[in-house]
Every structure is written in structure tokens, then in C-alpha cells.
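A.B. asks: So you can see what is in the structure, the chains are spelled out below.
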Amino acid sequence: MTPSPPAHATRSPDEIRAAIDAFTDIEWARVRRAAEYWAHARRVEVDDLMQDALERALDGSRQCPLHISVPAFLSGAMRSISSGEHEARAGRAEVHLVTEDGRLVIDLPDDRQTPAEAAESRQEAARIKQTLLDLFEGDIAAQTILEGDMDGMEGEELRGLTDLDVKGFASKRRLIRRRIDKAFPKGWTS
Amino acid sequence: MDVVSDPQNKAQEALDRVAEKLVEDVLNATDAEILAEAKEDGRDIAREAASNRAIFARALAAQGRRRMATARAAIDARSAASAPLPRRLSPEQARQLLARALRDAPETSAKLTMAARKGQDLSDADVYGMLDDLVDLGLLPSSDDKGSK
Numbered sequence: 000m001t002p003s004p005p006a007h008a009t010r011s012p013d014e015i016r017a018a019i020d021a022f023t024d025i026e027w028a029r030v031r032r033a034a035e036y037w038a039h040a041r042r043v044e045v046d047d048l049m050q051d052a053l054e055r056a057l058d059g060s061r062q063c064p065l066h067i068s069v070p071a072f073l074s075g076a077m078r079s080i081s082s083g084e085h086e087a088r089a090g091r092a093e094v095h096l097v098t099e100d101g102r103l104v105i106d107l108p109d110d111r112q113t114p115a116e117a118a119e120s121r122q123e124a125a126r127i128k129q130t131l132l133d134l135f136e137g138d139i140a141a142q143t144i145l146e147g148d149m150d151g152m153e154g155e156e157l158r159g160l161t162d163l164d165v166k167g168f169a170s171k172r173r174l175i176r177r178r179i180d181k182a183f184p185k186g187w188t189s
Numbered sequence: 000m001d002v003v004s005d006p007q008n009k010a011q012e013a014l015d016r017v018a019e020k021l022v023e024d025v026l027n028a029t030d031a032e033i034l035a036e037a038k039e040d041g042r043d044i045a046r047e048a049a050s051n052r053a054i055f056a057r058a059l060a061a062q063g064r065r066r067m068a069t070a071r072a073a074i075d076a077r078s079a080a081s082a083p084l085p086r087r088l089s090p091e092q093a094r095q096l097l098a099r100a101l102r103d104a105p106e107t108s109a110k111l112t113m114a115a116r117k118g119q120d121l122s123d124a125d126v127y128g129m130l131d132d133l134v135d136l137g138l139l140p141s142s143d144d145k146g147s148k
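Here the protein sequences line up with chains A and B, keeping their order. The opening position of the first sequence corresponds to residue 0 in numbering that gives the first Met the number 0, with each subsequent residue numbered one higher. The opening position of the second sequence corresponds to residue 0 in numbering that gives the first Met the number 0, with each subsequent residue numbered one higher.
Just to be clear, a hint being listed does not mean it is correct.
Said to hold, decoys possible - Below, a sample of chain A positions facing chain B; criterion: calculated Cβ distance under 7 Å:
(1) Ala28
(2) Arg29
(3) Ala40
(4) Met49
(5) Leu53
(6) Glu54
(7) Asp58
(8) Ala71
(9) Ala124
(10) Gly147
(11) Asp148
(12) Met149
(13) Glu153
(14) Arg172
(15) Leu174
Calculated directly from the structure, the hints in this document are not laboratory data. Every residue, glycine too, gets a C-beta built ideally from N, C-alpha and C.
Required output: the full structure, derived from the provided sequences and hints.
C.D. replies: In C-alpha cells:
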């Protein structure tokens, strides 16, 4: 049996580059699909997100543990980048205390969300959540998995609630993903 | 201090967790499943891969440009540090240094041209050239910062 690499062992940028260089068409397809999920959820361009993640992977600014596949590593980078982009746009107001006269000035840059826009986003997110659940009306197991995902439940704990075996659980996950893909071909945005 | 949960973030986080599971499922799908789904969705995997490889090539090129810029900056920094003193001065500082050097070394000054002694009607290039000569003659230090005072 091959021993597992130490948890802290990471790939060098050259190793990451070589691994990406050797991606098959199908591995690229996986990375592309991951990019689409993250980009659509965060309203960023898929190509830009991919390129940004690839650049960061190549320049060594992100560590790629050996026990994580390179596609999964890239997906993590894309999640992080898209999340940062989203938060930068929707970021909170910057508060500046003007010391001369003691006035408190709240600086809201133009590209940040106004309270009305934030409320709209909140409603939109709630609407999307409900739409996702409605896609599986009558499929208790699928709704349970989806709600569990939303609540941050993991693996066996969640599977235990569905009475599905491992294979059935994986099949149900696939059904969930494919139905969401068809309902949101361009992803969802909130 | 009480932390009030942000309902917008909560909803967004819930959707993020769903996206994370969708991504996880794609990454765990077998090759056959990926191919079957692509066919069902009318996606051309080979064409997409070519497009993705082009993005990778752009990322490599961008990385190359950054490395080149970093290397160039390092070379420039080393060159600037090792350049003779006169070359690190502004034209105005160079003229002041030349005037002072000629004043401090009248014998040498006498050997130079009248124009040079006066330090007038000289182009910036002439001034720098004169200073280089003075450095070569050992009348000016090559690496300290006296001239910048």
C-alpha cells in the first residue's frame, strides 16, 4: 500500500503547472463546470475567474496540498476569488470619522450595495432557495439533502436522514445537480 | 458584544453551500458521467478543452510577464545602486556638483575648457560626461552621496 503524503505536503508551482498541462479534456470539463458554478453564483466572468485562479496557482500564492486533486484545488481558488470579488462589490460602508468637526461621514462608493439593493439581494437569495427546494417537490430525500446542504450538514449525518445507502445517496446527489443545472442553465445569482 | 447575524449573508451562505456540493459532485463524477452529461447538454468537450487550454496559455503568459517585470526591476535596482554617483543625480544636482568640484580642484579645472569651468552652456549630457571624467580622475567619489546634498 502506498503511504499517504503528510498532511502539510504541498505541490510546487512547477508541479501544479505540469499537472494542469497534462489535464485531459474531461479534467478540463470538470474544472470548467466548477468555474461556471462559482462564476454564476457570484456574477463574475467564467473565463476571467478561471484565468485568475490559474495565475494564482502558477505563482505559488496558494498552496496545493498533495492530498487534494489539482481540479479540486483550482475549484477552491475559484471559490475564494469569486467570493472576494462579490464581497468587494457588495462590501460594507467605509466609515470615516472627520476629526476637524467631529462629524461621522459614511462613505458609500458607487459600486457598493445600497440598503435597498441589499434588501433586494436578500429577497432574491431567499427566492432562489425556495425555487431550489420546489424543484424537488414530492422527493423527500432530495429535499432533505438540499436543506441539509443549505444548513451545512455533512456526509453520513445527512445520509442518515434520508435512509439511502451510499450508492443511492450518490445517485440522488447527481439527480439534484442535474435538475438544478437544467433549471438554472446560467446559474443563479443573488 | 452581541453579534447580529446578517440575513443576507445567511441566505448567500446557504446558496454557497449548495454550490459547493454541486461542484463537489462534478469533481467526483466519473469520466463516463461527464461525457454523458456533456452529450446530453450538447456541449463539445474537445472544443471547450481547447478554449480552456487557451486560458491556461494566457495565464502562463501573464505569469511570464510578471516574472520578467520582477527580474527587470531587480536588475534596475542593482544597476541604480551600482551606477556612478553622477548618474544618480538630477541634472540640477549634477550641475551643482560640477561647479563645486571645479571650485575645489582649480588645477584640474584649468585643464578643462573655459566653458566647462564656467559650467555654462553645457548640456545635461556634457555635465554628466564631465562628472564621469572627474570620477575617473579620482576627484569625485563614485559611490557616496556627497553630490546630492
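A.B. asks: None of the hints should be skipped; say for each whether it holds.
C.D. replies: Comparing the hints with the structure gives:
Interface hint at Ala28 (chain A): satisfied, since its Cβ lies 5 Å from the closest Cβ of chain B, which is below the 7 Å cut-off. Because the beta carbon of Arg29 (chain A) sits about 6 Å from the nearest beta carbon in chain B, less than 7 Å, this interface hint is met. A hinted interface residue such as Ala40 (chain A) counts as satisfied when its beta carbon comes closer than 7 Å to some beta carbon of chain B; here the least separation is about 5 Å, so the hint holds. Checking Met49 (chain A) against chain B: minimum C-beta separation of about 5 Å stays under 7 Å; hint holds.
At about 4 Å, the closest approach between the beta carbon of Leu53 (chain A) and any beta carbon in chain B falls short of 7 Å, and the interface hint on this residue holds. Given the 7 Å rule on beta carbons, the hint for Glu54 (chain A) holds: about 5 Å separates it from the nearest Cβ of chain B. Residue-level restraint check for Asp58 (chain A) holds (minimum Cβ-Cβ distance to chain B is 6 Å; threshold 7 Å). Taken as an interface hint, Ala71 (chain A) checks out: its beta carbon lies about 5 Å from the nearest beta carbon of chain B, inside 7 Å.
At its closest, the beta carbon of Ala124 (chain A) sits 3 Å from a beta carbon of chain B; the interface hint therefore holds under the 7 Å criterion. Given hint, Gly147 (chain A) at the interface with chain B, is violated; its Cβ is 9 Å from that chain's nearest Cβ, farther than 7 Å. With a least beta-carbon distance of about 5 Å to chain B, the hint placing Asp148 (chain A) at the interface is held under the 7 Å criterion. With its C-beta approaching chain B no nearer than about 4 Å, Met149 (chain A) sits inside the 7 Å limit, and its interface hint holds.
The beta carbon of Glu153 (chain A) is not positioned within 7 Å of any beta carbon in chain B (closest approach about 10 Å), and the interface hint is therefore violated. Nearest Cβ of chain B to the Cβ of Arg172 (chain A): about 5 Å, under the 7 Å cut. The hint holds. Nearest Cβ of chain B to the Cβ of Leu174 (chain A): about 10 Å, over the 7 Å cut. The hint is violated.
Consistency note: the structure conflicts with the earlier hints numbered 10, 13, 15.
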